[in-house]
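Enquirer: Below, each chain spelled out in residue letters.
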Amino acid sequence: MEARPEATRWYDRLLSVDRRWIYLILAIAVLLPTVIPFSVPTGISNEVRSVYNFIEGLEPGDNLFLAIDYDPSTLAELHPMTEAILRQAFQRGARVVITSLSQFGPAMAEELIARVAQEEGKQRNIDYTFLGYKPYPGITILAMGSDFRVPFPTDYYGTPVDSIPMMQDIHNYRNVKAVISFAGGNVADMWIQYGNAKYGVPVALGVTGVMASDYYPYLQSRQIFGLIPGMKGAAEYEMLVERRGQGSRGMPYQMSTHLVILVFMVITNIAYVAQRRARRRAAGAR
Amino acid sequence: MEVTWGTLAWQTLAAFATLAIFSFLIGDNPLYKFVERLWVGVTTGYWTMLLFWTSFWDKVWVPVMQQHQWHYLIPVALGVLMWFRLSPRRGWLSRYALAFYIGISTGVFIPLAFKTGVFLQVEGAIRPVTADMVGLNFLLALLGLICSLSYFFFSRHHTGLLGVTSRIGIITLMVGFGAGFGLTVMGRVALLVQRVIFLRDYVTNLAGKIF
Chain E
-5 MEARPEATRW
5 YDRLLSVDRR
15 WIYLILAIAV
25 LLPTVIPFSV
35 PTGISNEVRS
45 VYNFIEGLEP
55 GDNLFLAIDY
65 DPSTLAELHP
75 MTEAILRQAF
85 QRGARVVITS
95 LSQFGPAMAE
105 ELIARVAQEE
115 GKQRNIDYTF
125 LGYKPYPGIT
135 ILAMGSDFRV
145 PFPTDYYGTP
155 VDSIPMMQDI
165 HNYRNVKAVI
175 SFAGGNVADM
185 WIQYGNAKYG
195 VPVALGVTGV
205 MASDYYPYLQ
215 SRQIFGLIPG
225 MKGAAEYEML
235 VERRGQGSRG
245 MPYQMSTHLV
255 ILVFMVITNI
265 AYVAQRRARR
275 RAAGAR
Chain H
4 MEVTWGTLAW
14 QTLAAFATLA
24 IFSFLIGDNP
34 LYKFVERLWV
44 GVTTGYWTML
54 LFWTSFWDKV
64 WVPVMQQHQW
74 HYLIPVALGV
84 LMWFRLSPRR
94 GWLSRYALAF
104 YIGISTGVFI
114 PLAFKTGVFL
124 QVEGAIRPVT
134 ADMVGLNFLL
144 ALLGLICSLS
154 YFFFSRHHTG
164 LLGVTSRIGI
174 ITLMVGFGAG
184 FGLTVMGRVA
194 LLVQRVIFLR
204 DYVTNLAGKI
214 F
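Residue numbers (the working numbering), protein chains in the order written: chain E, -5 to 280; chain H, 4 to 214.
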């Protein structure tokens, strides 16, 4: 009997499938929770809970520094956790100093801050201050260690910081309880290196899923006191504050898509092993 | 919240841009190219103006021209020297500015990088082990760390005890890479999910407004 040509074997066909079929199946998987809504149970991890507990422990009038260091390209992952923490800080009565050290972030951050502040009945310059953006985040973080007024003589809206009522007794990191940086890039490293290591301010991070595994060692060494990784972290935080947001809404989509990707990986690996064995057999026969 | 026609118009533009970008999955096409260039143009314009107002205006124009703080002219001069990179004959002048920049960076950043990336990490890896699940977790992480380091020890052949530890080390590294890959998938899917939720909300708003 004549052997079947290589290209017609099932594993070869599987390994050379048009990638657009994969996109189509993924698209169906992503749309599935829209058609058939379901919820996904979410466990709370210690690194997320520690950030929550810290904010819960704030007294009215305590100062918190939030660094919204991402831009619209990572908004999907970081906006939900930023909103949840900002809202919780406002509800605790904390005064919040906010910067945005990513060049495309300030307008996006301003929209979020204004919306949450309005919903929580908080006033600009009384309950929060948005300092805005300055280039070179490393230098800006170092400069803020001596005084926030050095890199930010005025806030995002052009108001001199010296004339802002809530900033009268806030000068540098010594006057804030902690820095929580929501970072979509290496600004997170700068907060650890310059904020924590040089000035000793407690730092917690909210990072994208891609970055998360790089920052767990800092948790182990206690250079950061909390870590919120990606959309999953945001969903956990939303559970803790008991307010369903984009993070929780996104988890069913994550579930269906991950399942499809896992199935793809298993099938592809089976095909890969089968192809390798067939090639070895063919090489042995020759 | 009531959606206005103005908001819907912006959402329509965003929905069009989203679908145009996704159309690249089928193949390169004029719609994709148009939106890609639109994005590059908008971001370049936005960033240029942002840098003008946050750097040149705040750090040069206001201090020098309005407040007469003449010492600001020193960094301005260094900044101007950087532009000499564009001149083949006078390019050497930019080295003065670069020397300052590299000198300051080295002096400030290297000690802190060592402190955070080496010393505090070593300190974090060597601490008392408690007799509970946290202690067990720490012990496993420590074992994984030592074995991973042994994998990169190339002064001896990886045989005997070193062979075993380096094998455990490579498995530990693979587990780390696997966790990283899983989180990366989650991140990429999150971007897609956010766009899908946006499109769903847009269609709902549009239908609600029309019908």
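Honestly, the hints are just simulated from the structure, not real lab data. Computed from a predicted model, the values in this text were never measured in an experiment. Using N, Cα and C, we set each Cβ at its ideal position, and we do this for glycine too. It is possible that some hints are incorrect.
[What the hints assert, rightly or not] Cβ pair distances, simulated, as ranges:
| no. | chain 1 | residue 1 | chain 2 | residue 2 | range |
| --- | --- | --- | --- | --- | --- |
| 1 | E | Glu50 | H | Glu126 | 42 to 50 Å |
| 2 | H | Arg98 | E | Pro66 | 51 to 59 Å |
| 3 | E | Ile19 | H | Gly94 | 50 to 58 Å |
| 4 | H | Phe156 | E | Ile19 | 41 to 49 Å |
| 5 | H | Ala17 | E | Arg86 | 51 to 59 Å |
| 6 | H | Ile113 | E | Arg86 | 35 to 43 Å |
| 7 | H | Ala128 | E | Glu113 | 37 to 45 Å |
| 8 | H | Thr21 | E | Val257 | 21 to 29 Å |
| 9 | E | Ala277 | H | Leu34 | 21 to 29 Å |
| 10 | E | Ala108 | H | Arg130 | 52 to 60 Å |
[What the hints assert, rightly or not] Coverage of chain H stretches by chain E, computed from C-beta distances (three or more under 8 Å per stretch; other residues unrestricted):
| no. | segment |
| --- | --- |
| 11 | 82 to 91 |
| 12 | 117 to 127 |
[Stated by the list, open to error] Here are the simulated lysine-lysine pairs, DSS-like style, with alpha carbons at most 27 Å apart:
| no. | chain 1 | residue 1 | chain 2 | residue 2 |
| --- | --- | --- | --- | --- |
| 13 | E | Lys171 | H | Lys36 |
| 14 | E | Lys192 | H | Lys212 |
| 15 | E | Lys192 | H | Lys62 |
| 16 | E | Lys192 | E | Lys171 |
Enquirer: Verify the coverage statement for the segment 117 to 127 of chain H against chain E, using a C-beta to C-beta distance below 8 Å and requiring 3 or more qualifying residues.
Expert: holds (count 6)
Enquirer: For the range 42 to 50 Å, tell me whether the beta carbons of Glu50(E) and Glu126(H) fit it or not.
Expert: For Glu50(E) and Glu126(H) the Cβ distance comes to about 29 Å; the hint is violated.
Enquirer: Per the coverage rule (Cβ-Cβ under 8 Å, at least three residues), is the segment 82 to 91 of chain H covered by chain E?
Expert: violated (count 0)
Enquirer: Is it true that the C-beta distance of Arg98(H) to Pro66(E) lies inside 51 to 59 Å, as the hint says?
Expert: violated, 38 Å
Enquirer: Tell me if the beta carbons of Ile19(E) and Gly94(H) are separated by a distance inside 50 to 58 Å.
Expert: Holds: the Cβ-Cβ distance is about 54 Å, inside 50 to 58 Å.
Enquirer: Between Ala108(E) and Arg130(H), is the Cβ distance one that fits in 52 to 60 Å?
Expert: Between Ala108(E) and Arg130(H), where Cβ atoms are some 44 Å apart, the hint is violated.
Enquirer: I want to verify a distance hint. Is the separation of the beta carbons of Ala128(H) and Glu113(E) within 37 to 45 Å?
Expert: holds, 44 Å
Enquirer: Keeping to a limit of 27 Å between CA atoms, is the pair of Lys171(E) and Lys36(H) held or broken?
Expert: With Cα atoms ~47 Å apart, Lys171(E) and Lys36(H) exceed 27 Å; violated.
Enquirer: Is Lys192(E) within 27 Å of Lys212(H), Cα to Cα?
Expert: This hinted pair is violated, its Cα atoms lying about 55 Å apart.
Enquirer: Just to be sure I understand the hint, the distance between the Cβ atoms of Ala17(H) and Arg86(E) should be within 51 to 59 Å; is that true here?
Expert: violated, 34 Å
Enquirer: With a cut-off of 27 Å on the C-alpha distance, tell me whether Lys192(E) and Lys171(E) pass.
Expert: Distance ~16 Å between Lys192(E) and Lys171(E) Cα, so the pair holds.
Enquirer: Sort out whether Lys62(H) lies within 27 Å of Lys192(E), counting only the CA atoms.
Expert: The given pair, whose Cα atoms are some 25 Å apart, holds under the 27 Å limit.
Checked against the numbered hints given earlier, the structure breaks hints 1, 2, 5, 9, 10, 11, 13, 14 and satisfies all the rest.
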